[in-house]
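Chains as they are written, first to last, in numbering that gives the first Met the number 0: chain E, 0 to 245; chain U, 0 to 291.
Simulated from the structure, these hints should not be mistaken for lab results. If you're wondering where the values come from, they're calculated on a predicted model, not measured in any experiment. Ideal Cβ positions, reconstructed from N, Cα and C, are used throughout, including at glycine. Treat the hints with care, as some may be off.
[Unchecked claim] Short, incomplete list of chain U residues facing chain E, as computed with Cβ under 7 Å: (1) Q9; (2) Q168; (3) V222.
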Amino acid sequence: MTMAPGIIIDHLTVNYREVQALRNINLSVRPGKLVGIFGPNGAGKSTLVKAMLGLMPVVTGRVTYGNEELSHQLNRVAYVPQRSQIDWTFPATVWDVVMMGRVKKTGWFNRFSATSRQVAQASLERVDMADFRDRPIGALSGGQQQRVFLALALAQEADIFCFDEPFVGVDQKTETVLFRIFRELATAGKTVMVVNHDLGESITNFDQLILLNKELIAAGPREWVLTRDHMTRAYGGQVGFFGHVA
Amino acid sequence: MLDWFFEPLQYAFMQRSLAVAVMVGIICSVVGSYLMVQRLALLGDAISHSVLPGLAIAFLLGVNIFVGAFIAGVLSTVIIGWIHTRSPIKEDAAMGIVFSAFFALGITLITTIQKDNKIDLNHFLFGNILGVTSTEVRDTAMIAALVLVTVALLYKELLFYSFDPLGAQASGLPTGLLNAGLMVLIALTVVASMKVVGVILVLSLLITPGATAYLLVPRLHQVMGLGAAIGVISSVSGMYLSYYINLPSGPAIVLVVSALFALAFLFSPRHGALVGPPRSRPWRQLQRLFRP
Numbered sequence: 000m001t002m003a004p005g006i007i008i009d010h011l012t013v014n015y016r017e018v019q020a021l022r023n024i025n026l027s028v029r030p031g032k033l034v035g036i037f038g039p040n041g042a043g044k045s046t047l048v049k050a051m052l053g054l055m056p057v058v059t060g061r062v063t064y065g066n067e068e069l070s071h072q073l074n075r076v077a078y079v080p081q082r083s084q085i086d087w088t089f090p091a092t093v094w095d096v097v098m099m100g101r102v103k104k105t106g107w108f109n110r111f112s113a114t115s116r117q118v119a120q121a122s123l124e125r126v127d128m129a130d131f132r133d134r135p136i137g138a139l140s141g142g143q144q145q146r147v148f149l150a151l152a153l154a155q156e157a158d159i160f161c162f163d164e165p166f167v168g169v170d171q172k173t174e175t176v177l178f179r180i181f182r183e184l185a186t187a188g189k190t191v192m193v194v195n196h197d198l199g200e201s202i203t204n205f206d207q208l209i210l211l212n213k214e215l216i217a218a219g220p221r222e223w224v225l226t227r228d229h230m231t232r233a234y235g236g237q238v239g240f241f242g243h244v245a
Numbered sequence: 000m001l002d003w004f005f006e007p008l009q010y011a012f013m014q015r016s017l018a019v020a021v022m023v024g025i026i027c028s029v030v031g032s033y034l035m036v037q038r039l040a041l042l043g044d045a046i047s048h049s050v051l052p053g054l055a056i057a058f059l060l061g062v063n064i065f066v067g068a069f070i071a072g073v074l075s076t077v078i079i080g081w082i083h084t085r086s087p088i089k090e091d092a093a094m095g096i097v098f099s100a101f102f103a104l105g106i107t108l109i110t111t112i113q114k115d116n117k118i119d120l121n122h123f124l125f126g127n128i129l130g131v132t133s134t135e136v137r138d139t140a141m142i143a144a145l146v147l148v149t150v151a152l153l154y155k156e157l158l159f160y161s162f163d164p165l166g167a168q169a170s171g172l173p174t175g176l177l178n179a180g181l182m183v184l185i186a187l188t189v190v191a192s193m194k195v196v197g198v199i200l201v202l203s204l205l206i207t208p209g210a211t212a213y214l215l216v217p218r219l220h221q222v223m224g225l226g227a228a229i230g231v232i233s234s235v236s237g238m239y240l241s242y243y244i245n246l247p248s249g250p251a252i253v254l255v256v257s258a259l260f261a262l263a264f265l266f267s268p269r270h271g272a273l274v275g276p277p278r279s280r281p282w283r284q285l286q287r288l289f290r291p
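Chain U extracted, bound-state conformation (with noise of 0.2 Å):
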């Protein structure tokens, strides 16, 4: 009955990714609940963009590619914090600049040295998780286990950091080494999440399973439990989309989650666009444009 389930379970290749997939599907999903409140959703897309570099860089000195990704990734965190307390220019514009910069850098290093080695930039770009080694299983089983560890032993230092940082600082944490650890969990996250959906994607996975759950229950901690849930189910049934119909797995598995926000959002009991206080629902505020 359920064989449509164990059936790609035979193959080893779908072992490995179907377990990234739900590793990453966790840690995505927790950390991103962090760059969500804490309106840093644009930080997460400009730190996947930027690892790019490190990851050819590494790659050409035949280092673990995961290492040369994740020094690239604080390092343009560390340029991006530079230039905006440096200058007049605004943070936003700061990740802009810098993110694209890498990711130029990035693009063309990969495309220069796939010529004469086993490199494809689109595996990058667009993830490549039918192809993922026991290695890379290993290394992202070990990401996972740090980022959640040290999510649980900081997590009422950083629930008030998140919350008040001025009023955190106020009462003598170490604001300034909380946000910078901060920073390495979601270059950590987002180097272990390459392989699934690619640098491009990885945005979805880290703040829509969290802008999900948000729409659905109120505490963070639900909001990061909840997220998991929904991380896991949506790099799941991706993989299972992708193996049965065969789509390219990594937006599969942003096309379930995304699905699954939308329904939150037109149907979640607190919030939903339909479904919410009236004053919220389509048809209201479409009567307030039309008042005169």
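So here's chain E without its partners, still in its complex pose (with noise of 0.2 Å):
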């Protein structure tokens, strides 16, 4: 069996209007693993993870996938941004949410098809919200409209899935289901990656972490990259965990 490309970030830079957002990143990511992409605020997670999709414009450096850029390689890419990007008042069911997960497998001018009406159903069931579908997604708590979300990106049946802070605002009963379904992911050799900034329990859930301050600090496994140096260098004085610092 082959072992599946993994992501190459070489020579990243980022400007976010005039100021620098992202200098000189240079990690791989590889696939089958939960990988969190952690920092204080402002550290330019959400970035990176824009930057490798190509979503917005970088200074200098490539993100590859195998041996082709992967901004080239969308369709196998699923991107869930934070929730509070979204206007949630937006007239779609929960079902119009989860079947836009399928509209570029469908492609231009046809009719979605009856195995996309069946991955969108399993997605749905995978994250326990099978009940709500023809629920206008307004009405939902945060934590379902989350779960929504994760069955949008399932119904991709993507190899690359990102989320931007998939854990804030949700309740317990969501963020099991997150983890749950995230594993799984990684477990069939899919590569996830999740923006989180909470350094809480939940943090021994991620096998590598990369850790960033506007530079990366550390990437790699999870109890190398949380030593008391790299988090020193990334949060300065203001971290008070340590509960899993080496």
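Build the complex from these two chains, which are given one at a time in their own frames, with help from the hints.
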């Protein structure tokens, strides 16, 4: 069996308007692991994901997947932005949103196939939201909205999954569902990247961490990244956790 | 019994104006629904004010004024986008700057040329639906067909893009093209609607029917369908009001659609201010305001 290709980020520098947001990032992300992207507010976590996918312009650097630019293979990517970036009063039902995950696979001018509807239904069942399929999205709780978003990503049948702050404002049940599915995706050999800022107990769910603060502080296995030295360099003196730090 | 309904239809000019009013009522509501959900209502206003100079120049050159108006409308969105991306000026400020400049240029041009020509500024500002020619009926029908077919063909892509532009882009959809296509649809719709309500009141036909439907039904295609019905009912009843009690037809249409919105706002079962969930009723809100 050939190993699935990883993502390689090579000398990536990104500006946000006039300000440098990320400086000279070099790292690789392997499939099959649950990867957390951590760092303080304004560290460039979301920017890293957006720049990788070509959603914002980069100053220098390339991001490849296999032998080709990642931004040329977006049909293999499912990206879930922060829930707060979405207008949840949008006139759509849960089903409408999950079916958006089938748009690219369906292709221009075509109608959704029976297969697409089955995939969407299965995705909803996987996040335990099948009973809500005809509910307007505005009538959902924050956690339910996040699970619908996850189903939208699952319906895309992607190889690379990127989630931006999926745990903000969600209930315990949703957090459990999210981690369970992230783990299933990783075990199935997918590349799973999760932007997060919560340094609490849940950090132990991640296999690999990428620690950022405008530049790469450390990347690798969790135990290796979570050292006092790395955390001080990322967060300065402002961290009071350290329960898991070696 | 339905004489009041059929009487106006014996006149060819009323047949033409009603045909145009119905078509415009439909496409404005459908395209305007996208403006509403993307919070781009002001863009509809900007494009509609910006068509004037193109219209005047086309008239001077002897070209179809629809074509000139369309080019000016699209050009204004390009300039708005350019200012917004290439400077720290925010999008709403860019819209305000561009559309007022285009509008002023348009008024200047039309005022200058209307001295020597048979062209009336008021017809463009406030509409002149009773003066629609059969060529204009044909042009409007072509635009309406083009707009509706495009929306039908791109519906699922435009839905994804409107709901989650970043997610759509990350899935590989050409969101820049989709956005440009949407701008073209809006410009076409505005151009087709000029004759009916005029450029100043077009915004009402773009936004109000969709907003009314949005208070009543939960899915975008339902908002468009019900919005189109509301648009058609408003256009037709506005025309009849104008026929029977001699009101200016553009404003009459706008007043009808606004009244329908007011009804939905007060009495919608899901969101109505008077009948919706108790916590949103006005006296509860007043209570909250005065609670220490």
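Tested hints:
The restraint placing U:Q9 at the interface with chain E is violated, with a minimum CB-CB distance near 41 Å, outside the 7 Å limit. Hint on U:Q168 holds. Least Cβ distance to chain E is approximately 6 Å, under the 7 Å limit. Interface hint at U:V222: satisfied, since its Cβ lies 5 Å from the closest Cβ of chain E, which is below the 7 Å cut-off.
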